[in-house]
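Protein chains in written order, with the numbering used here: chain H, 2 to 369; chain G, 192 to 724; chain F, 10 to 357.
Just so you know, these hints were derived from the structure itself, not from any lab.
Note that the structure is predicted; figures quoted are calculated from it, not measured.
A few of these clues could be false.
Straight-line C-alpha distance at most 27 Å; calculated DSS-like pairs for lysine-lysine [unchecked claim]:
no. : chain 1 : residue 1 : chain 2 : residue 2
1   : G       : K222      : G       : K272
2   : G       : K258      : G       : K214
3   : G       : K209      : G       : K222
4   : G       : K327      : G       : K272
5   : G       : K528      : G       : K614
6   : H       : K355      : H       : K11
7   : G       : K598      : F       : K132
8   : H       : K122      : F       : K163
9   : H       : K319      : F       : K163
10  : G       : K466      : G       : K637
11  : G       : K612      : F       : K299
12  : G       : K355      : G       : K272
13  : H       : K355      : F       : K239
14  : G       : K433      : G       : K466
15  : F       : K239      : F       : K223
16  : H       : K319      : H       : K11
17  : F       : K239      : G       : K528
18  : F       : K223      : H       : K122
19  : G       : K612      : F       : K15
20  : F       : K15       : G       : K578
21  : G       : K578      : G       : K637
22  : F       : K239      : G       : K612
23  : F       : K15       : F       : K299
24  : F       : K223      : G       : K591
25  : G       : K433      : G       : K214
26  : F       : K300      : G       : K612
27  : G       : K327      : H       : K294
28  : F       : K163      : G       : K614
29  : G       : K355      : H       : K355
30  : F       : K15       : G       : K591
31  : G       : K578      : G       : K598
32  : H       : K215      : G       : K355
33  : H       : K294      : F       : K132
Where chain H lies over chain F, by a calculated footprint (3+ residues, C-beta under 8 Å) [said to hold, decoys possible]:
no. : region
34  : 111-124
35  : 227-234
36  : 323-335
37  : 342-350
Computed far set for chain F versus chain H, every beta-carbon distance over 10 Å [to be verified]:
no. : residue
38  : A21
39  : I149
40  : S302
By construction, the Cβ of each residue, glycine as well, lies at the ideal position given by its N, Cα and C atoms.
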Amino acid sequence: MKTTKSEHLKFFFIRNAVPLLFFTISALAIPLSGFSLAYLFEELLIRLSRNAFLVLSLLIPILAGMGLNFGMVLGAMAGQIGFIFVANWNIVGTQGLLLAAIISTPIAILLGWMCGIVLNKARGREMVTAFILAFFMNGVYQLVVLYLFGSVVPISNTDLVLSRGYGIRNVTNLEGMRNSLDNLIPLTLGGVGIPLATFILIGLLCLFIVWFRKTKLGQDMRATGEDLAVARSAGIRVLPTRILAIIISTVLAAYGQIIFLQTVGTMNTYNSHEQVGVFAIAAILVGGATVSKASITNVFVGIILFHLMFIVSPTAGKVLFGDAQVGEYFRVFISYGVIALALVLHAWRRQSDKDRARARFRNTSSAT
Amino acid sequence: MENQPILRVEHVGKTYYKNRVLKDVSFTLNKGSILGLVGENGAGKSTLMNILFGMSVIAETGGYEGKIFVDGAEVLFLRPKDALSAGIGMVHQEFSLIPGFTVTENILLNRESLHHNITEEVFGERLATLDREDMKKRASLAIQKLNVDLDGETLISELPVGYKQFTEIAREISSSRTRILVLDEPTAVLTESEAEILLKSMRNLADAGIAIIFISHRLDEVLSICDKIVVLRDGEVVLDTKVGETSVRGMANAMVGRQTKRIEQTKAVKDENAKVLLEVNNLWVDMPGETVRDVSLRVMQGEIYGISGLAGQGKLGIANGIMGLMLAGGSVIFDGKPLQLNAPSESLAAGITAVSEDRRGVGLLLEESIEWNIIFSALQNQSGFLKPILGGLLHIRDEKRIEACAKQYVKDLEIRCTSEKQKVQELSGGNQQKVCLAKAFETNPKLLFVAEPTRGIDVGAKALVLDALRKYNRENGMTIIMISSELEELRSICDRIAITDRGSIAGVLPASAPSEDFGLLMMGKVDQVEVSA
Amino acid sequence: MINTIKNFIEDAGWPRILIALFLVFLFVAAPFVDVRLDASVSDTLIRFGMNGVMVLAMVPMIQSGCGLNFGLPLGIIAGLLGAVTSVQLEMHGLFGVFGAMAMATPLAIIFGWGYGLLLNRVKGDEMMIATYVGFSSVAIMCVMWLILPYDSPKMVWGYAGEGLRTTISVEEFWQNAIGDIASFRFGEFFYFPTGVFVFFFLCCGAIALFMRTKTGTAMATVGSNPEFAKANGVNINRMRTLSVIISTVLGAYGIIIYQQSFGFIQLYMGPFYMAFPAVAAVLIGGASVKKASIMNVIVGTILFQGILTMTPSVINSIIQTDMSEVIRIIVSNGMILYALTRVVRGRE
């Protein structure tokens with residue numbers, strides 16, 4: 002079982018192909034963009050605080066073998082509905098955030114439960130199903146927010162409602178809650194404001210995930226994810242366990258979206274949630290996660306590399322092609338391309354692993 | 192109290208849909224002793240084990256007759272859970288281990304040790320954290336009982352096959368309740384040295400007070416380790432004896448039984464001048480569960496050649512390997528020319544066709560009509576049933592000829608159907624098999640493999656299938672290799688029969704040889720049989 | 010009686026029946042809210058002709074077991090390149106449309122071939138990968154539209170003199186070039202683009218004929234039972250690749266027909282979501298993830314396009330709100346979702 006040093010190195014490169022590729026792209030593009038390191042550091046800090054919670058919410062379904070949870074968009078919707086109510090009642094500051102979180106929790110649980118049931122019916126193709134489910138629920142979300150809010154659901158704040166008398170406006174102003182979490186514990190280091198409270202929350206979530214993996218439930222999820230049939234024959238109730246994994250992820254995504262929107266300060270009622278899934282999933286994949294394996298390190302490495310690329314590519318594109326739009330489109334390509342690449346690599350690797358396992362079995366059994 | 196048997200089975204019987212598979216089975220098992228359970232495939236061993244382990248299939252098909260006592264108290268298992276809590280542990284042939292988990296995690300799967308803390312009080316047991324230290328202790332205790340060298344921290348995926356088996360056994364004995372352990376063919380996948388270790392650790396377990404039911408085809412293993420032996424044949428106990436009172440030959444005899452029926456030799460054994468149609472040398476086939484390791488055989492032109500052997504010994508792999516369906520290696524010479532392996536279309540083009548043992552999975556297009564199924568192979572491989580259109584620019588299916596052809600087979604093979612347009616999935620098993628045969632016949636092969644042609648079909652259809660094979664052999668000179676676990680069936684139609692064992696041919700006998708000799712070959716006791724190759 | 014109804018509902022699946030009933034309701038309600046039936050029928054037929062070929066592009070890949078072709082944008086890109094090139098070369102009328110198709114064909118074959126090879130290496134995960142391959146190819150083409158050396162003043166941004174516009178009008182080149190062949194009007198509101206229908210049914214006929222050849226027969230078998238196909242000497246990977254190529258070529262033709270009816274070439278993010286309506290349509294027509302026929306295409310396209318045409322006018326008139334977008338999203342994605350949850354893959 003001894004591997005030589007060069008084999009070891011090769012193995013390292015293969016396993017980490019995606020992060021290394023991104024590291025290289027960024028390393029080339031940073032000097033082209035001309036941004037100072039201090040500026041990049043500050044930008045990255047903001048983006049980490051914005052996105053980490055959302056990306057972390059993907060970890061538990063991966064643990065349970067359900068792949069990348071494209072259904073996290075459902076959680077984001079729940080978070081936004083929470084915000085609409087809070088904005089309606091004109092509650093500001095951290096109380097507003099807390100209340101939004103409280104309102105969104107039962108909605109996220111319900112949506113997650115539903116998503117879990119649907120995914121249990123589509124075992125083996127969870128990702129594409131969750132992906133379509135997100136589109137479908139987007140329609141339902143529009144139906145509710147655009148037609149039922151203000152007509153069936155009472156909304157008193159006229160600033161929120163469209164001029165026709167019902168339905169929420171395209172942009173919901175969250176100025177009263179803007180950065181209220183980030184600035185809860187004021188801290189400035191070298192002129193850079195550090196959103197300490199947000200990072201504390203992110204840290205707590207990381208601790209929660211570490212602890213969760215050590216629990217019996219976490220172990221059951223791992224077992225279910227590794228081999229559903231074996232876990233079931235050992236007496237683990239696999240289907241409810243899978244639903245639980247999706248519920249936890251959906252609730253975390255709702256909180257993640259609340260944290261995300263409070264740093265932005267405004268909410269595109271009908272668009273803010275749409276891209277959440279793509280960006281979070283692309284980020285975790287850039288960090289070296291796969292469909293079946295992901296760690297907290299993957300999350301942070303991924304956010305840093307992915308957003309670094311996001312910050313520098315328009316200016317780099319302008320320098321290279323004389324057109325900032327090329328860079329814009331290029332980064333759109335990267336977001337989708339990295340997901341495609343990671344999915345292909347994963348499917349590919351799974352097939353070649355299977356072949357290798359058979360070949361090894363042949364060798365050992367023919368030796369007897 | 193000490194002498195009371197831990198398990199007592201009394202007059203147990205079972206029928207599946209009026210088909211009797213077990214009849215009046217009784218035996219006892221004492222604490223700390225090992226019982227060898229022996230029988231051919233289909234003798235009723237698995238049904239007996241299913242009853243003992245409370246598999247749901249038993250309750251769903253109307254339960255069983257007779258009584259089972261554990262520790263003197265009558266038990267009725269409706270679910271595997273009931274059997275588990277009564278202390279019966281079972282190690283199956285297929286591993287149910289999680290490859291990405293360590294040995295320890297697998298041994299204690301869903302029985303992990305937990306740290307009891309406050310979250311547990313609030314949220315229930317599932318949010319208690321795992322006590323890894325205690326798990327390590329419990330797992331290594333179980334491994335120690337087995338007395339094997341197994342590291343609890345190794346991942347299952349990195350273990351050799353034999354050690355996976357040990358992990359499974361350790362899982363059963365780590366449960367403090369387990370008092371009766373059922374091992375279903377545990378040595379089938381082991382190397383000889385691993386098998387030896389396993390037998391030793393079984394003895395250790397028995398000495399520690401666990402009663403073991405050991406199912407095996409390896410008669411010498413059974414003789415060397417068991418305290419008593421029960422032989423099943425056709426659902427009945429034909430031998431129940433202490434180990435000292437029987438021999439390998441005695442057991443083989445009991446298993447296969449003395450056939451009172453005279454075998455009708457259907458034709459004279461092929462003449463000496465017939466040429467070799469198929470010559471196979473050192474064939475290996477990677478077919479999961481039916482691995483072929485090293486098979487060499489010669490089949491004569493015009494012969495019906497039988498291949499039999501116990502399940503898992505590779506008889507099915509031979510056909511799948513030669514047909515290119517499973518990864519294979521070695522040399523195959525067909526009709527004087529070397530055959531390219533791993534290319535199904537090459538085998539078909541050379542004139543070899545197979546009727547698969549997996550009728551519904553590989554043999555048929557269930558959702559399509561009878562006629563499609565029948566003509567498909569001829570259409571694809573010989574471009575039959577096509578007609579030109581657009582002045583020969585394109586060739587499309589000639590539905591008229593297809594229909595005529597299908598009608599002919601429906602009549603010849605008595606396929607019961609509403610019409611040749613009926614979907615195959617609506618037919619009975621026997622009629623589906625006839626469609627498979629028709630598909631094979633239509634390609635007009637020089638050599639036809641037929642695997643398990645009568646499995647799961649009724650008596651009338653059986654006779655028809657065998658008659659059809661006989662007829663094509665006689666009238667069209669089609670050479671047939673028939674693979675079946677039904678030895679008597681093979682003996683009624685074949686000229687010679689090869690027996691596979693551990694992925695190789697144990698021997699080839701004329702169909703008229705005594706059935707006891709076939710039994711011995713199946714058990715791997717080649718030295719006790721005079722083989723005429 | 011009740012049983013036959015039950016069986017019918019089970020066979021057809023309740024979402025399809027709901028959708029059909031909904032469409033019937035729309036047509037019945039139309040006269041009561043002053044929506045002209047002839048105009049509605051005409052619109053439905055025009056949109057049917059526009060979209061039919063793209064829906065047909067689903068069939069070969071479903072037949073060969075590659076699943077729903079979410080990678081349709083790949084074929085669309087080939088079609089766009091053909092169309093843009095034909096405008097660049099100032100090709101007019103039928104010559105322009107068929108020229109665009111002719112130039113798109115080799116591109117579609119190359120794209121489809123590569124795409125097919127990729128899908129052969131990721132069996133079982135085709136749909137998710139196809140979706141993202143489609144998305145990323147649309148995104149990379151956004152960059153390409155900016156930097157490819159097209160320079161016809163009809164197509165590039167006026168102020169910069171380079172980079173293609175988001176929408177390019179084909180009105181003066183080949184709008185309705187095919188549609189107007191033997192087209193006729195019926196009163197003021199009814200227009201029937203005969204040529205488009207002829208083209209669509211020619212495509213259907215070609216596919217139907219192909220399905221009856223030796224290769225076509227083999228292709229259908231690969232989808233319904235790959236083990237059976239392999240055992241009877243069919244080369245599974247070759248069949249799959251071929252089906253992907255055919256799908257991609259049909260996708261290219263489909264978008265060109267769409268543009269000649271619509272009058273515009275939509276570049277950049279235009280093709281991004283175009284696979285979804287086509288997928289939904291074929292499913293509504295009765296196809297499943299593993300089985301599809303030409304009948305499914307025809308029925309599905311009529312139902313789906315009928316709803317898309319009728320909801321804005323009828324529902325708007327009834328409740329005075331435009332809910333068509335929401336209904337479109339729910340109907341199309343609901344249908345796909347339903348199909349995906351029907352069969353559980355693999356054994357457990």
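Hint by hint, here is what the structure shows:
1. At most 27 Å may separate the alpha-carbon atoms for a hinted pair to count; G/K222 and G/K272 meet this at roughly 22 Å.
2. Under the criterion of a C-alpha separation no larger than 27 Å, the hint pairing G/K258 with G/K214 is consistent with the structure, at around 13 Å.
3. Restraint check for G/K209 and G/K222: the C-alpha separation of about 36 Å exceeds 27 Å, so the hint is violated.
4. Of the pairs offered as hints, the one joining G/K327 and G/K272 holds, with about 25 Å between alpha carbons and a cut-off of 27 Å not exceeded.
5. Among the hinted pairs, G/K528 with G/K614 is inconsistent with the structure: their alpha-carbon atoms are about 39 Å apart, more than 27 Å.
6. With a CA separation close to 20 Å, the supplied pair H/K355 and H/K11 stays within the 27 Å bound.
7. Distance hint between G/K598 and F/K132 is unfulfilled; the C-alpha atoms sit about 38 Å from each other, more than 27 Å.
8. Restraint check: the Cα-Cα separation between H/K122 and F/K163 comes to about 51 Å, which exceeds 27 Å; the hinted pair is violated.
9. For the given pair, H/K319 sits about 25 Å from F/K163 by alpha-carbon distance, which is consistent with the 27 Å threshold.
10. Of the pairs offered as hints, the one joining G/K466 and G/K637 holds, with about 13 Å between alpha carbons and a cut-off of 27 Å not exceeded.
11. Of the supplied pair hints, the one linking G/K612 and F/K299 holds, its CA atoms being roughly 21 Å apart against a limit of 27 Å.
12. Among the hinted pairs, G/K355 with G/K272 is consistent with the structure: their alpha-carbon atoms are about 23 Å apart, no more than 27 Å.
13. Using a Cα cut-off of 27 Å, the hinted pair H/K355 and F/K239 holds, with the two alpha carbons roughly 20 Å apart.
14. Distance restraint check for G/K433 and G/K466: the Cα-Cα separation of roughly 51 Å exceeds the 27 Å cut-off, and the hinted pair is therefore not satisfied.
15. Taken as a hint, the F/K239 and F/K223 pair is honoured in the structure, with Cα atoms around 15 Å apart against an allowance of 27 Å.
16. Under the criterion of a C-alpha separation no larger than 27 Å, the hint pairing H/K319 with H/K11 is inconsistent with the structure, at around 35 Å.
17. Between the alpha carbons of F/K239 and G/K528 the distance comes to roughly 23 Å, so the proposed pair stays at or under 27 Å and holds.
18. Of the supplied pair hints, the one linking F/K223 and H/K122 is violated, its CA atoms being roughly 36 Å apart against a limit of 27 Å.
19. Taking the CA atoms of G/K612 and F/K15, the gap is near 25 Å; set against the 27 Å cutoff, the hint holds.
20. Distance hint between F/K15 and G/K578 is unfulfilled; the C-alpha atoms sit about 42 Å from each other, more than 27 Å.
21. The straight-line distance between the Cα atoms of G/K578 and G/K637 is roughly 26 Å, inside the 27 Å bound, and the hint therefore holds.
22. A threshold of 27 Å between alpha carbons decides the hint, and for F/K239 with G/K612 the separation of about 23 Å falls inside it, so the pair holds.
23. For a cut-off of 27 Å, the pair hint linking F/K15 to F/K299 stands: about 23 Å separates their Cα positions.
24. For the hint linking F/K223 to G/K591, the alpha-carbon distance of about 16 Å falls within 27 Å, and the restraint holds.
25. For the given pair, G/K433 sits about 22 Å from G/K214 by alpha-carbon distance, which is consistent with the 27 Å threshold.
26. Between the alpha carbons of F/K300 and G/K612 the distance comes to roughly 19 Å, so the proposed pair stays at or under 27 Å and holds.
27. At most 27 Å may separate the alpha-carbon atoms for a hinted pair to count; G/K327 and H/K294 meet this at roughly 25 Å.
28. The straight-line distance between the Cα atoms of F/K163 and G/K614 is roughly 57 Å, outside the 27 Å bound, and the hint therefore fails.
29. With a C-alpha separation of about 18 Å, the suggested pair G/K355 and H/K355 falls inside the 27 Å cut-off, and the hint holds.
30. Taking the CA atoms of F/K15 and G/K591, the gap is about 36 Å. The hint is violated against a cut of 27 Å.
31. Between G/K578 and G/K598 the CA atoms are separated by roughly 19 Å; this keeps the pair inside 27 Å, and the hint holds.
32. Our distance criterion of 27 Å between C-alpha atoms is met by H/K215 and G/K355, whose separation comes to about 25 Å.
33. Between H/K294 and F/K132, the direct Cα distance comes to roughly 20 Å. Compliance with the 27 Å bound is thereby established for this hinted pair.
34. Taking a C-beta to C-beta cut-off of 8 Å, the region 111-124 of chain F contributes 0 residues in contact with chain H, too few for the three needed, and the coverage statement is violated.
35. As drawn, the region 227-234 of chain F meets chain H at 0 residues by the rule of a beta-carbon pair under 8 Å; below three, the given contact is violated.
36. Check on the region 323-335 of chain F: 4 of its residues sit with their Cβ under 8 Å from a Cβ of chain H, so the three-residue criterion for coverage holds.
37. As drawn, the region 342-350 of chain F meets chain H at 6 residues by the rule of a beta-carbon pair under 8 Å; at three or more, the given contact holds.
38. Against chain H, the non-interface label of F/A21 holds: every CB pair exceeds 10 Å, the least being about 19 Å.
39. F/I149, annotated as away from the interface, has a beta carbon of chain H within 10 Å; the closest lies near 5 Å.
40. For F/S302, the requirement that its beta carbon stay farther than 10 Å from each beta carbon of chain H is met, with the minimum near 23 Å.
Violated hints, in rising order: 3, 5, 7, 8, 14, 16, 18, 20, 28, 30, 34, 35, 39; the structure is consistent with all others.
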